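Undergrad: These are the residues of each chain, in order.
4 protein chains.
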Amino acid sequence: MSLSEEQRCEIQQQQSDTFSTRRSVVPELEEILYKPFPVLDHGFVRVIDYMGDDAAVVQAARVSYGKGTKKITEDKGLINYLMRHRHSTPFEMCEIKFHIKLPMFVARQWIRHRTANVNEYSARYSILDKEFYIPAPEHLAAQSNTNRQGRDQILEGDYAQQVLDLLRGDAEQTYKHYEFLLNEEEKDPSRPGLARELARMNLPVNFYTQWYWKIDLHNLMHFLSLRADPHAQYEIRAYADVMLNILKQWVPFTYEAFMDYRVGATHLSAKGLKVIKELLKGHPVNQVQSGMSAREWRELMEILGQDL
Amino acid sequence: MSLSEEQRCEIQQQQSDTFSTRRSVVPELEEILYKPFPVLDHGFVRVIDYMGDDAAVVQAARVSYGKGTKKITEDKGLINYLMRHRHSTPFEMCEIKFHIKLPMFVARQWIRHRTANVNEYSARYSILDKEFYIPAPEHLAAQSNTNRQGRDQILEGDYAQQVLDLLRGDAEQTYKHYEFLLNEEEKDPSRPGLARELARMNLPVNFYTQWYWKIDLHNLMHFLSLRADPHAQYEIRAYADVMLNILKQWVPFTYEAFMDYRVGATHLSAKGLKVIKELLKGHPVNQVQSGMSAREWRELMEILGQDL
Amino acid sequence: MSLSEEQRCEIQQQQSDTFSTRRSVVPELEEILYKPFPVLDHGFVRVIDYMGDDAAVVQAARVSYGKGTKKITEDKGLINYLMRHRHSTPFEMCEIKFHIKLPMFVARQWIRHRTANVNEYSARYSILDKEFYIPAPEHLAAQSNTNRQGRDQILEGDYAQQVLDLLRGDAEQTYKHYEFLLNEEEKDPSRPGLARELARMNLPVNFYTQWYWKIDLHNLMHFLSLRADPHAQYEIRAYADVMLNILKQWVPFTYEAFMDYRVGATHLSAKGLKVIKELLKGHPVNQVQSGMSAREWRELMEILGQDL
Amino acid sequence: MSLSEEQRCEIQQQQSDTFSTRRSVVPELEEILYKPFPVLDHGFVRVIDYMGDDAAVVQAARVSYGKGTKKITEDKGLINYLMRHRHSTPFEMCEIKFHIKLPMFVARQWIRHRTANVNEYSARYSILDKEFYIPAPEHLAAQSNTNRQGRDQILEGDYAQQVLDLLRGDAEQTYKHYEFLLNEEEKDPSRPGLARELARMNLPVNFYTQWYWKIDLHNLMHFLSLRADPHAQYEIRAYADVMLNILKQWVPFTYEAFMDYRVGATHLSAKGLKVIKELLKGHPVNQVQSGMSAREWRELMEILGQDL
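Those protein sequences? They're chains A, B, C and D, same order as listed. In terms of my numbering, the first sequence opens at residue 72 and continues consecutively. In terms of my numbering, the second sequence opens at residue 72 and continues consecutively. In terms of my numbering, the third sequence opens at residue 72 and continues consecutively. In terms of my numbering, the fourth sequence opens at residue 72 and continues consecutively.
Because the hints were derived from the structure by calculation, they are not lab data. Predicted, not measured: the structure shown is a model, and the values here were computed from it. Among the hints, erroneous ones may be present.
One copy or any two copies: either way a pair holds, since identical chains are not told apart in the list.
[Claimed, not checked] Derived EDC-like pairs (lysine to aspartate or glutamate); straight-line CA-CA distance at most 20 Å: (1) 142 with 202; (2) 258 with 223; (3) 345 with 370; (4) 348 with 370; (5) 141 with 229; (6) 147 with 370; (7) 342 with 370; (8) 247 with 236; (9) 138 with 81; (10) 201 with 191; (11) 142 with 327; (12) 258 with 229; (13) 141 with 77; (14) 247 with 202; (15) 342 with 373; (16) 247 with 257; (17) 141 with 76.
Please model the entire structure based on the sequences and the hints provided.
TA: Dropping the structure here:
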């Protein structure tokens, strides 16, 4: 993560101001407000603002006149109940706003979540920095043979270096040409610069962009349950993991329920449930009897940690 | 507006607590936080929480590392520009949460705005209070003959009284029966109470419900532009008017731009624009020449304050 | 369900016209197009239009130039895979439009699903028919003592009759007054009718309204998974059950996957999964050891059909 | 636009099949169903499916049991009225599905419209074709000096050629390296190919992607009003213009109202309206008196075609 001196100053300025408010406040989150958490080689996640806390979930669920909280154990039990029974609207009553710097190919996956508010840095209007993503050696992986959208073993040695050099070389060259096309401040006064909205088309999708991204707690958890998942591409998961930690600071009860009922949870099909019931009765079942496909059966056995 | 002693206490408790925060704060809004503003005979609007201010609109539009604000006039100019050119995403970066008490027929219009978060008091689960809307005499109006969804002259004298008595009488009776059906705390131990989710079906839509309602600034303005409009039914407009005042406290620059470019603004069709251009050249135009329908022509002349 | 002669004619007219199209067509759904399926005492569900079929899900998932279908078993396998791994976007590529008549208290639950398009009959503009919901005797149930939003035993005998009479009486009276207030066609020429938008406030929420409701297949399934569920109020479940049958006619492969992975499926928390793994190893576990609350434990045991 | 032989065949197959339906049908749109309309150098827009027509707007607005249409002039008048008064929900009752091929930098602007359904070709899973956008000479424009997100004069002569060569050269080279990284079918058996989800990061945003995109009529018009606008970047406007023509085939009455009340229409601020009223009275007004900023004043004078 590379911040300019000016950017560091601006962030410090924000962190040093404090104000008085009657709104609910989360001291743990205040602690890390505005702070850039590094992700990948040049990216970051910063919390810019938030609304509500665990108590606000409870307050809305109870449609109360005051804070709406009761005993800690009751509030926690209610949050667990809401999560378990997928009562999502009380979790929509909390909101969080991030400033995020991320490669464009990650941004293209991310934006598929339509329930957030977004303001992206405009390359029609402004000039992109020379910052591009090059995978760390331990993330430079071969195509998986079994999973068409997965990775396999790590590339090594000279070949790995060749791949990295090639990625870096193309990024350097396309950015050099981007600068030539822009001809900012008419360095070469003999020609006009190409329109910014056109020049940017020369940049690969590993270049970084940034945006303000605001979302409610329910939809944030939906995003995290999909993107902090092993099926997600490593590069977006790296962001989700950082945000999971932020979630824990912000709404610890909700976080705990989320880890239990979503992240660590599993979904059983009607057929899968039937298999388990038989097994618990001591009746052996095999794939054919289960009515499941080979793939489904394998997935179920993995979930159960069985070697049947 | 009738609050119980307990409700008053809970509200006062919220108002008296203050905390320290690094987030942006709007002192004018803090002043009225949690306060119930009366609407109609038993309704109210309370601000429960908010995120952001005018500066947050500017900050997101500029995707800045710090506060993102420059000179006041520049920030104001940018907000005007964003409003004028319908750049809506920066306004989505602010959020506000209300607690609202409102008649069910108003709630049914309100809920049509789908871009908000809602937690409504559940009459499946809880018992509705005996609170119903009876129009003030000055709002008891006859059906309009020209506008099928409008009102006309105010009812007067004995007839007005008869109408009010009838509305009140039915509300009283249906609520008495609601209580009979519920048979709460088995007042009559000889019979079980009807399920709450069934008993409530006996109540007319002038009974009050309440909800927590959270929305971003852009969508709030869209709601207000439709509901603070003369075409809206008076009863929902009464809420929108109160919320317009809250908007003014919260984001004064945005409010000013909103009043200029939305509330007080007008939309001209291609044909309407052509008429104006002709008129400005000193060429008289009539309805037939304009290609507009009689109704459109009348609407245009009203907008222009013309008597052509 | 009571249709006027004119309404029957209009429906028959629609059913008798046929046209030629190059779009994909579902013969089983064409068969029941426009047909009103009765629900409750006066309600109905009619399919008005649809877009796509099972093949359209596959086509979009494959982003194909043609139909995109392969062998039936492959298409079915793909649909199962998409459902299992919550890849929801291909299911959003199908759309269905309904005309629905339903009591207002059901409409108020229904409208909470915000991802649909709605046009409701306007009681500001038009006059509501004299149609209200009175539960069939077998659905007239007492309040549950264990579940605050549930029902218990069926009311019987004279008491049941008294309840029904009371509901019917209030509906009859409030509608009579509604008609008095409207004074349509100035039956009583001595007084103006009250504005429609006001008069309607006298009607209880068991009166019927109607709307056009359009939704994509993914969000329809989300609606059905919540509303065809035993936790949903019977009156909305009655609609969901009819729509489940329509789903089966429309997209049979998707329906089958939906029944297996959603309706008949179950969700296991991390703690619940751990309990099952222990049980499968032959290790007895009790509630305290599981770390689950008493209620969670009971829910898990019910799911597993265990009596532990 | 370059289609493979197989793709042409698949499209022709779709076009040649016809079926019988009871749904409403638009013959003009059936005529062009599935047909790829070329956009830019390799892009296209194809209509894959649709639901509803002008009559369906009317039918939903009237919540009717049958087709809901009356006399043509009445239906047209109703559509005009709905458009003029921003009654958007009846227009949501029609739906259209496109297959679109477009450069990634256009896709990134496009996806900001969140109210559509999207299935994009996955470069995690599949391999992108060697197709990239190179502007036609007449669209190769210099950066505007007055509008930071606009274009100015066209580049010419050797310089233009140099720019095009540079764009083409980088696209060729990055794609060659993309292929090297993928090492598909292990052309070079001595090394594993890089994971597809990583290799794609080397491609610039002028490479083409494709997606299925489905949207309702109201939101399509919102998209078109923003993207068929002179402020939109030429490359996305080229798509919007093709889709405007499709709109005209599909819903001619709605199209006409849309052109009159949206595309050709203008929005007047409260201040702007006041200026016009003064001018119509023959009172000269200048910028300072108007209370408008210099920029607003200039925009107003342009709208009015005035030279004041």
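Undergrad: A separate judgement is required for each hint: does it hold in the structure or not?
TA: Status of the hints after comparison with the structure:
1. 142 with 202: For residue 142 and residue 202, neither the intra-copy (50 Å) nor the inter-copy (30 Å) Cα distance is at most 20 Å.
2. 258 with 223: between (46 Å within a copy, 18 Å between copies)
3. 345 with 370: Both ways: residue 345 and residue 370 sit 15 Å apart in one copy and 16 Å across, limit 20 Å.
4. 348 with 370: Both, since 17 Å and 15 Å are each at most 20 Å.
5. 141 with 229: Answer is neither; intra-copy 63 Å and inter-copy 42 Å both fail.
6. 147 with 370: between (32 Å within a copy, 18 Å between copies)
7. 342 with 370: Close inside one copy (13 Å) and across copies (19 Å); limit 20 Å.
8. 247 with 236: both (16 Å within a copy, 15 Å between copies)
9. 138 with 81: between (35 Å within a copy, 7 Å between copies)
10. 201 with 191: within (17 Å within a copy, 28 Å between copies)
11. 142 with 327: Classified as within; 17 Å inside a copy, 44 Å across copies.
12. 258 with 229: Classified as between; 19 Å across copies, 39 Å inside a copy.
13. 141 with 77: The answer is between: 15 Å across copies meets 20 Å, while 46 Å in one copy does not.
14. 247 with 202: within (12 Å within a copy, 22 Å between copies)
15. 342 with 373: both (15 Å within a copy, 17 Å between copies)
16. 247 with 257: within (15 Å within a copy, 32 Å between copies)
17. 141 with 76: between (47 Å within a copy, 19 Å between copies)
Violation of the numbered hints given earlier is confined to hints 1, 5; the remaining hints are satisfied by the structure.
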